[in-house]
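Asker: Protein chains in written order, with the numbering used here: chain A, 67 to 266; chain B, 133 to 277.
A few of these clues could be false.
Said to hold, decoys possible - Here chain A is said to cover these stretches of chain B; the calculated rule only asks that three of the stretch's residues, wherever they fall, bring their Cβ under 8 Å from a Cβ of chain A: (1) 140-153; (2) 169-181; (3) 185-193; (4) 204-216.
Just so you know, the hints here were simulated from the structure itself, not pulled from any lab data. All residues carry an ideal CB built from backbone N, CA and C; glycine is no exception.
Listed here are the chains, written in short residue letters.
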Amino acid sequence: MFNEFFVPIDLCLLALIVVLAVAVVQARNLLAASMLMSIYSLLMAAIWKNMDSLDVSFTEAAVGAGVSTVLLIGSLVQVGLEEKPRKGVHPAGLAAVVLAGGALLYGTIDMPGFGDPASPANANPVSIGYIRQDVEKVPDVGGHYKDFKQHHDYFHEHVPNMITSVIVSYRGYDTMYETTVIFIAGVSMILMLRGRRKTT
Amino acid sequence: MSENLILRVASKYMVPFMLVFGLYIIFHGDLSPGGGFQGGVAIASGFIFYGMVYGKPAMQKILPRGVTDALIAIGVLMYAGTGFYCLLAGYRFLDYTAISPSDPAGGEAWGMTLVEYGVGITVSMVMVTCYNEITEGTLPEEASK
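The task is simple: from the sequences and hints, build the whole structure.
Answerer: Here you go:
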């Protein structure tokens, strides 16, 4: 639910995030930049919480602010803490960034308001089905299933958390392969990094 | 790693709570926000925090590399195994009704919990592996060995 109370808090947090983003780019010391990134993620987690997306907030706080900072600092030990001195502003790069940013800002003008129940994403029959949890299962061709048709033709509202029911029930395949992707990432990390570095 | 007394004492009390909170997020994934991914990361951050304060060798004594490697695969197998169990029981792949046909709602809750645990185990162990491998050979107490 949209809460007016959070608007000034969100504005302050967003202003701080802009300041931090500039500070991360400007910081010469990479350790300081990693710590600023961590603070950035923590503030983002607070904003996600204000938008009632607690799942994203959890992930941002744990991965963004916690684990990834540790991994960044771990890598900094290998590559050194100081950034190479930079030359001045690259004009073509600056133009590209300004254009892309402007296009993105222009795109937000057409977006529906936050939490608008009449927005296309919320008014689509599929989303309504997911929210009411009465999405029909794929029509069955086998004989066995027909006996249970009355009870089992729909995903019923078994699980109070809508997000979990979408992730592991309606979209169970997707999540299985997402897990596989993480598995592959872990295995490749073991294959590429383990035992390759000499402990001096 | 750290000689700081406050850090050592505080971490001793914090780490169990971090691990239990991670398990809570996974276990209550079907009732409250969170799930396997979030809970897995919370568990991993508990282990990584322990590793940062007491040193990586101490963490690897509790959680050896062989165990993390095996658990990465076991998590995925738990997920896929739940799916194949449903398939072998005569239902569709990942149709949790198969777990208790007389009570589809209960079956769905059980299936989701199993699947979330699979996700959580894989995610947390991959995170711990990331920490182990990226910081390999960089920590002072390892270098001095």
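Asker: Hint by hint, note whether the structure agrees.
Answerer: Results for each hint:
| no. | hint | result |
| --- | --- | --- |
| 1 | 140-153 | violated (count 0) |
| 2 | 169-181 | holds (count 7) |
| 3 | 185-193 | violated (count 0) |
| 4 | 204-216 | holds (count 7) |
Checked against the numbered hints above, the structure breaks hints 1, 3 and satisfies the rest.
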